[in-house]
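Work out the full structure: start from the sequences and follow the hints.
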Amino acid sequence: MSDFVSNGWSVFVAAATVLSLIACLVLLAIASRRKVIPNDPTTGHIWDEDLRELNNPLPRWWMGLFIITVLFAGAYLMLYPGLGSMAGSLSWSSAGQYDAEEKAARATMAPVYAKFAAMPAAALAKDAQAMGIGERLFLNNCSGCHGSDARGSKGFPDLTDNDWLWGGAPETIALTIAKGRTGMMPPMGAAVGNADDVKNVAQYVLSLSGSPHDSVAAQLGKAKFGACAACHGLDGKGNQALGAPNLTDKVWLHGWGEEAIVAQINNGKTNVMPAHEQRLSPEQIHVLAAYVWSKSNSGSGTAVAPKQ
Amino acid sequence: MSDPAVRALPAGADQTTADAASDDAATAVVSLYQKQQKIYPRSVQGLFSSWRWALVWVTQLVFYGLPWLQWNGRQALLFDLAARRFYIFGSVLYPQDFIYLTGLLVVSALSLFLFTAVAGRLWCGYACPQTVYTEMFMWIERRIEGDRVARMRLDAGPWNANKIWRKTAKQAAWISVALFTGFTFVGYFTPIRTLWAEAFTLGFGPWEWFWVNFYAFATYGNAGFMREQVCKYMCPYARFQSAMFDRDTLIIGYDVERGEPRGSRPRNSAIAPRERGLGDCINCGLCVQVCPTGIDIRNGLQYECIGCAACVDVCDDVMDKMNYPRGLVRYATQNALRQHYTRSDIVRHALRPRVLVYGSILATVAIALVVGMALRSPFRVDVVRDRASLARIVGEGEVENLYRLQIMNAAEQGQRYRVDVAGLPGLVLAAPIDVTLGAAEARWVTVALRMDAAAARSAGPGAHPMVFRVELRDDRGAGDWGAAQLEKSTFVIPR
Numbered sequence: 001m002s003d004f005v006s007n008g009w010s011v012f013v014a015a016a017t018v019l020s021l022i023a024c025l026v027l028l029a030i031a032s033r034r035k036v037i038p039n040d041p042t043t044g045h046i047w048d049e050d051l052r053e054l055n056n057p058l059p060r061w062w063m064g065l066f067i068i069t070v071l072f073a074g075a076y077l078m079l080y081p082g083l084g085s086m087a088g089s090l091s092w093s094s095a096g097q098y099d100a101e102e103k104a105a106r107a108t109m110a111p112v113y114a115k116f117a118a119m120p121a122a123a124l125a126k127d128a129q130a131m132g133i134g135e136r137l138f139l140n141n142c143s144g145c146h147g148s149d150a151r152g153s154k155g156f157p158d159l160t161d162n163d164w165l166w167g168g169a170p171e172t173i174a175l176t177i178a179k180g181r182t183g184m185m186p187p188m189g190a191a192v193g194n195a196d197d198v199k200n201v202a203q204y205v206l207s208l209s210g211s212p213h214d215s216v217a218a219q220l221g222k223a224k225f226g227a228c229a230a231c232h233g234l235d236g237k238g239n240q241a242l243g244a245p246n247l248t249d250k251v252w253l254h255g256w257g258e259e260a261i262v263a264q265i266n267n268g269k270t271n272v273m274p275a276h277e278q279r280l281s282p283e284q285i286h287v288l289a290a291y292v293w294s295k296s297n298s299g300s301g302t303a304v305a306p307k308q
Numbered sequence: 309m310s311d312p313a314v315r316a317l318p319a320g321a322d323q324t325t326a327d328a329a330s331d332d333a334a335t336a337v338v339s340l341y342q343k344q345q346k347i348y349p350r351s352v353q354g355l356f357s358s359w360r361w362a363l364v365w366v367t368q369l370v371f372y373g374l375p376w377l378q379w380n381g382r383q384a385l386l387f388d389l390a391a392r393r394f395y396i397f398g399s400v401l402y403p404q405d406f407i408y409l410t411g412l413l414v415v416s417a418l419s420l421f422l423f424t425a426v427a428g429r430l431w432c433g434y435a436c437p438q439t440v441y442t443e444m445f446m447w448i449e450r451r452i453e454g455d456r457v458a459r460m461r462l463d464a465g466p467w468n469a470n471k472i473w474r475k476t477a478k479q480a481a482w483i484s485v486a487l488f489t490g491f492t493f494v495g496y497f498t499p500i501r502t503l504w505a506e507a508f509t510l511g512f513g514p515w516e517w518f519w520v521n522f523y524a525f526a527t528y529g530n531a532g533f534m535r536e537q538v539c540k541y542m543c544p545y546a547r548f549q550s551a552m553f554d555r556d557t558l559i560i561g562y563d564v565e566r567g568e569p570r571g572s573r574p575r576n577s578a579i580a581p582r583e584r585g586l587g588d589c590i591n592c593g594l595c596v597q598v599c600p601t602g603i604d605i606r607n608g609l610q611y612e613c614i615g616c617a618a619c620v621d622v623c624d625d626v627m628d629k630m631n632y633p634r635g636l637v638r639y640a641t642q643n644a645l646r647q648h649y650t651r652s653d654i655v656r657h658a659l660r661p662r663v664l665v666y667g668s669i670l671a672t673v674a675i676a677l678v679v680g681m682a683l684r685s686p687f688r689v690d691v692v693r694d695r696a697s698l699a700r701i702v703g704e705g706e707v708e709n710l711y712r713l714q715i716m717n718a719a720e721q722g723q724r725y726r727v728d729v730a731g732l733p734g735l736v737l738a739a740p741i742d743v744t745l746g747a748a749e750a751r752w753v754t755v756a757l758r759m760d761a762a763a764a765r766s767a768g769p770g771a772h773p774m775v776f777r778v779e780l781r782d783d784r785g786a787g788d789w790g791a792a793q794l795e796k797s798t799f800v801i802p803r
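Going line by line, the protein sequences match chains C and F.
For the first sequence, the residue numbers in this note's numbering are 1 to 308.
For the second sequence, the residue numbers in this note's numbering are 309 to 803.
Hints were generated in silico from the structure; no laboratory data involved.
Computed from a prediction, not measured in an experiment: that's the story for all the values here.
Each hint should be verified, as a subset may be incorrect.
What the hints assert, rightly or not - DSBU-like cross-link-like pairs, simulated, lysine-lysine; straight-line CA separation at most 30 Å:
| hint | chain 1 | residue 1 | chain 2 | residue 2 |
| --- | --- | --- | --- | --- |
| 1 | C | K237 | C | K269 |
| 2 | C | K126 | C | K115 |
| 3 | C | K179 | C | K250 |
| 4 | C | K179 | C | K154 |
| 5 | C | K179 | C | K269 |
| 6 | F | K346 | C | K35 |
| 7 | C | K35 | F | K540 |
| 8 | F | K796 | C | K154 |
| 9 | C | K224 | C | K250 |
| 10 | C | K250 | C | K199 |
| 11 | F | K343 | C | K35 |
| 12 | C | K222 | C | K269 |
As the list claims (entries may be wrong) - Just some of the chain C residues that point at chain F, by a computed CB distance under 8 Å:
| hint | residue |
| --- | --- |
| 13 | V36 |
| 14 | L58 |
| 15 | P59 |
| 16 | R60 |
| 17 | W61 |
| 18 | S143 |
| 19 | G144 |
| 20 | G147 |
| 21 | F156 |
What the hints assert, rightly or not - A short list of chain F residues far from chain C (calculated; beta carbon distances all over 10 Å):
| hint | residue |
| --- | --- |
| 22 | I452 |
| 23 | V457 |
| 24 | K478 |
| 25 | S572 |
| 26 | T601 |
| 27 | A792 |
All C-beta atoms, glycine included, are put in the ideal place defined by N, C-alpha and C.
What follows is the structure in structure tokens.
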């Protein structure tokens, strides 16, 4: 009973509980018999001058039920926690029950997952049962950030566009789910140069994906892009080993347009995907990775609306 | 203050005086917990007894028979708690349809109010399961142990072979009926034909075992042993129905004026009872012997009386034998007994404001329930917005919101649906949604709604109310789109 500093409270609660149970029985014994005036239907009690209490005896089986409740309470307190900090002879706890039920559920699912463990992602993507399980796992664990259609939103990557920060092979996806990822871009404003240089680089970045841009500024920015190339590569195609995004496609995780890119260069960004190996078993992660993989690989039967 | 000499204390009397007063009086010690007096009701035949037996047959044929009825290749009445589908003949109800159960319960309650206001404890006397099962159990008891006197003699007698045999046979018969009742009860929640097969291999699941035995135990205990104790001490309806009673409510009434003074007399005597100074009651005590709650109806209206009319049946028999007119104990109202109403007077007094109010509320709720059931949609839709990201920008400034629609097929055929949106200019589905569901299936469908940048700018930032329209394809017609469900939600445009 960690709620209390000293075990005096525990003793107090236990004593109060036991005394209350005994008091119930004592009260029953005292109240079961009563002196009355013969041939008088009242108990002799009078209130407010003329309000009398009729003697309407309860049936005896009712008294039996009352005693049974007291006995039940005694048995309950022996078996389960309740009497102060006593654990009870069954050593039951809600956490223990949860663990036992979870263990039982995992045991029930074990044969199903065992079947899936041997299957590669491409095979799982064609298995309706696996995809059903994958979808439920996704909705319960992933959709909070990536959206229930897995297409993400600003700051949360779209998982359906086959554009991967850390790699799109099923094993890599499984690793991302299990261990999490931390994508870190440092503030690069000083390294690039002055404010104009930053704007020029932003225009250059826009030009990489063929987006509308100022071509003169882009040419000027190209010279300053060297600071970015360490991670994003000279051609701007990114580096999946570092989680550095490809800048030559039209996927704008943190916003599109000069303003957003300038802010990104000046401020940097640390974006975290939490690790899930504590929440999900390796077998679950295997199925979930296959589900995520199927979202951007055709043949899964899942229609993906093209993103412009 | 009718008896001040004994009971009343002078105002301001202190406790000492009170104690002294009660000590002075002769006292006796009584137990406040009364041993149950076993009641041996005598069997009775007559009009009302026949009515009761008719209702026993009707209610029990329905109860025991319904689960065996098949419908479209499945059990006609099945409450599948695990799958949360409630099959009632042609319709499939979801937990969301609980409003209909509420309506049914309200109709039942109001019917009880109406019947009670007009004719007292009709439910208690004829149709209540407690009465019905007690009647069945007493019939078994009578077949095996004999009628009232034989049973009393058997109970008082020693435990000889005859008594052991009869008691054993009775218990065995009771337990069999009780177990079959428990089995039938469970058969409403788990397919009864499978359950019947399982019964022979004792292959029930743990909850089936529990409920079969628990319901059987309750039936056995209540109908075999508790009997009138249930009505007297447990039943809440027995307690609160006094609120529906008034002096024009039909009760089982003893005609005091006609019956008193009671007394025995030679049968078929030429001397009229009045000349002997006697009323019509011959004080045979049969009305007390047949009473299942062990009261004497001649003491007037009592809370124990369940209105079973056994005393009416038996007294009418006695009156016939005495060549007196029937109805010394009869269905009458308190006003009718006192003011000598004719039958038409009683009927006229039945139409009083209380009855009309109960009746009109009952009719309203019943009509609402029937209309509601008739207009019930063959499918249901729930809309849940994605919680974490309210909106996202896709492509070149288009605003997209994500929703999950749960579509529930509440019919026994497969259904096809399409989804549309309305209520906000420029709002469209990102991709058309066409869903096909199997019978009684429910599925979550992810729906993305999209609005182009210009429309989003003119609508302005914030949450805008809009409506999902889910349409059901009507396969009976030429593939027209039929019944539609409208569900409100919002579309969020970010700043």
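Holds or violated: P59 of chain C as interface residue toward chain F, Cβ cutoff 8 Å?
With a minimum Cβ separation of about 6 Å from chain F (threshold 8 Å), the hint on P59 of chain C holds.
Below or equal to 30 Å on CA atoms is what counts here, so check K179 of chain C against K154 of chain C.
Measuring from Cα to Cα gives roughly 22 Å; hence the hint holds.
Hint status (Cβ of S143 of chain C to nearest Cβ of chain F, threshold 8 Å):
holds, 7 Å
Given the hint that K343 of chain F pairs with K35 of chain C, test it: the Cα-Cα distance must not exceed 30 Å.
Satisfied, since the Cα-Cα distance of roughly 18 Å is no more than 30 Å.
So if I understand the rule, the pair passes when the alpha-carbon distance is 30 Å or less; does K35 of chain C with K540 of chain F pass?
holds, 25 Å
Are K796 of chain F and K154 of chain C close enough, with their CA atoms no more than 30 Å apart?
Holds, at roughly 26 Å.
Given the proposed pairing of K250 of chain C with K199 of chain C, does the C-alpha separation stay at or below 30 Å?
OK: K250 of chain C and K199 of chain C at ~19 Å, within 30 Å.
Hint check, L58 of chain C versus chain F [nearest Cβ-Cβ separation less than 8 Å]
holds, 5 Å
Beyond 10 Å from every Cβ of chain C: is that where the Cβ of K478 of chain F lies?
Per Cβ check, K478 of chain F is outside 10 Å of chain C; nearest 21 Å; holds.
Given G147 of chain C as an interface hint, is its Cβ closer than 8 Å to any Cβ of chain F?
holds, 5 Å
Tell me if the straight-line CA distance from K346 of chain F to K35 of chain C falls inside 30 Å.
holds, 26 Å
Against chain C, does T601 of chain F keep a CB gap of more than 10 Å to every residue?
The assertion about T601 of chain F holds, with a minimum of 13 Å to chain C.
Of the hints listed earlier, there is not a single one the structure fails to meet.
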